[in-house]
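2 protein chains.
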Amino acid sequence: MGEKGEKSRERMIRAMAEALEIRGYSGTGLNDIVEASGAPKGSIYFHFPGGKEELAAEALNTSGEEMGELFQKTLRSSKSAANGIENILSALETKMIESEFRKGCPISTTANETSSENGVVGLTCRNVFKNWNSKLELFLRSFGYGKARATELSVALLSLMEGAILLSRTNKDIRPLRTAAKTARQLLAIEDKR
Amino acid sequence: MGEKGEKSRERMIRAMAEALEIRGYSGTGLNDIVEASGAPKGSIYFHFPGGKEELAAEALNTSGEEMGELFQKTLRSSKSAANGIENILSALETKMIESEFRKGCPISTTANETSSENGVVGLTCRNVFKNWNSKLELFLRSFGYGKARATELSVALLSLMEGAILLSRTNKDIRPLRTAAKTARQLLAIEDKR
Numbered sequence: 001m002g003e004k005g006e007k008s009r010e011r012m013i014r015a016m017a018e019a020l021e022i023r024g025y026s027g028t029g030l031n032d033i034v035e036a037s038g039a040p041k042g043s044i045y046f047h048f049p050g051g052k053e054e055l056a057a058e059a060l061n062t063s064g065e066e067m068g069e070l071f072q073k074t075l076r077s078s079k080s081a082a083n084g085i086e087n088i089l090s091a092l093e094t095k096m097i098e099s100e101f102r103k104g105c106p107i108s109t110t111a112n113e114t115s116s117e118n119g120v121v122g123l124t125c126r127n128v129f130k131n132w133n134s135k136l137e138l139f140l141r142s143f144g145y146g147k148a149r150a151t152e153l154s155v156a157l158l159s160l161m162e163g164a165i166l167l168s169r170t171n172k173d174i175r176p177l178r179t180a181a182k183t184a185r186q187l188l189a190i191e192d193k194r
Numbered sequence: 001m002g003e004k005g006e007k008s009r010e011r012m013i014r015a016m017a018e019a020l021e022i023r024g025y026s027g028t029g030l031n032d033i034v035e036a037s038g039a040p041k042g043s044i045y046f047h048f049p050g051g052k053e054e055l056a057a058e059a060l061n062t063s064g065e066e067m068g069e070l071f072q073k074t075l076r077s078s079k080s081a082a083n084g085i086e087n088i089l090s091a092l093e094t095k096m097i098e099s100e101f102r103k104g105c106p107i108s109t110t111a112n113e114t115s116s117e118n119g120v121v122g123l124t125c126r127n128v129f130k131n132w133n134s135k136l137e138l139f140l141r142s143f144g145y146g147k148a149r150a151t152e153l154s155v156a157l158l159s160l161m162e163g164a165i166l167l168s169r170t171n172k173d174i175r176p177l178r179t180a181a182k183t184a185r186q187l188l189a190i191e192d193k194r
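So the protein sequences, as listed, match chains A and B.
For the first sequence, the UniProt record's numbering begins at 1 and goes up steadily by one.
For the second sequence, the UniProt record's numbering begins at 1 and goes up steadily by one.
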């Protein structure tokens with residue numbers, strides 16, 4: 001593929017990722033993507049023979065990896081486990097305010113919409129969550145938490161963050177994110193590192 | 001309105017509530033509701049002059065109230081705050097397994113899809129969450145938690161539950177719900193009742 005084709009493909013993925021984060025899978029039509037990306041009509045099926053599903057899966061993987069890298073970068077520079085989670089929640093707060101509560105988690109809306117199906121889109125959402133979970137788990141282990149406790153805490157912290165994003169977006173109010181940060185600190189202070 | 005009209009209206013609300021829970025707002029067309037409810041075509045606008053938005057708002061309010069009543073009934077019969085949250089999570093687990101992970105929270109998908117708009121549907125989602133939150137807060141206060149701590153804990157617990165529902169549905173696995181129950185118990189055991 002030429003450079004121009006590569007850029008056009010990249011723009012479509014970017015436009016789809018943004019649309020999925022803001023309004024979800026069903027609310028996004030391929031025409032919206034053609035318009036938002038400025039891609040020539042008809043080029044979507046050239047780049048994504050599987051159509052909307054394939055483009056969405058690519059977009060979710062891309063957003064998932066970017067968010068995963070942000071997680072990792074934030075966590076790496078953190079002084080303690082609690083500090084790491086607070087830094088992630090603080091980054092989410094900035095993202096939410098800057099987008100006027102239109103953005104939060106790039107995966108959750110689509111995950112909810114497609115969880116009753118068995119297609120590639122839902123499967124991609126599941127894999128992204130698993131990947132984030134593993135990153136959190138490794139991070140906790142690096143601060144001395146044992147396998148069982150790290151597994152448990154990573155699921156609890158991811159749940160807490162996802163739920164807080166949902167409430168903050170719906171209420172257009174950052175307080176649930178702030179409460180999640182405080183709650184995470186309390187959970188991580190519990191002396192049960194097994 | 002005659003009894004027949006009332007029943008027909010009720011069936012449409014029911015069908016919409018179910019569709020919103022399973023696949024969300026954008027993925028549900030009025031034709032699906034006509035079909036699922038067995039209502040005569042054209043009767044939707046007779047009952048809901050505001051169309052899809054009005055029907056969805058009614059459906060979300062109905063689901064929200066039902067879930068709120070389930071919350072309250074479950075909480076009233078609980079021996080402790082932790083026991084109450086565990087009972088709610090256990091009811092959610094049953095619902096999720098019985099629906100093969102198609103159902104969980106009746107509000108969250110639509111809340112995510114509409115949080116970037118300012119219409120009646122998003123506003124309804126916000127009100128339902130606020131109502132659930134108040135119920136949880138009152139419950140915690142009845143077990144001796146002070147105002148500030150009860151406010152904080154109710155947001156944390158609702159976030160934790162919503163996030164766990166999302167992860168459980170996406171992974172088709174009840175473990176995130178179980179982890180949320182254990183985590184709620186830990187949070188409620190923290191001696192900070194102010």
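Note that these hints are calculated values from the structure, not bench results.
Where hints are given, some of them may not hold.
Taking lysine-lysine and the BS3-like style, the derived pairs with C-alpha atoms no more than 30 Å apart in a straight line are [unchecked claim]:
1) Lys147(A) with Lys172(B)
2) Lys7(A) with Lys147(A)
3) Lys147(B) with Lys41(B)
4) Lys172(A) with Lys103(B)
Against the structure, the hints come out as follows:
1. Lys147(A) with Lys172(B): Cα-Cα ~23 Å, so holds.
2. Lys7(A) with Lys147(A): violated, 43 Å
3. Lys147(B) with Lys41(B): violated, 50 Å
4. Lys172(A) with Lys103(B): holds, 25 Å
The structure is inconsistent with the numbered hints 2 and 3, although it conforms to all the rest.
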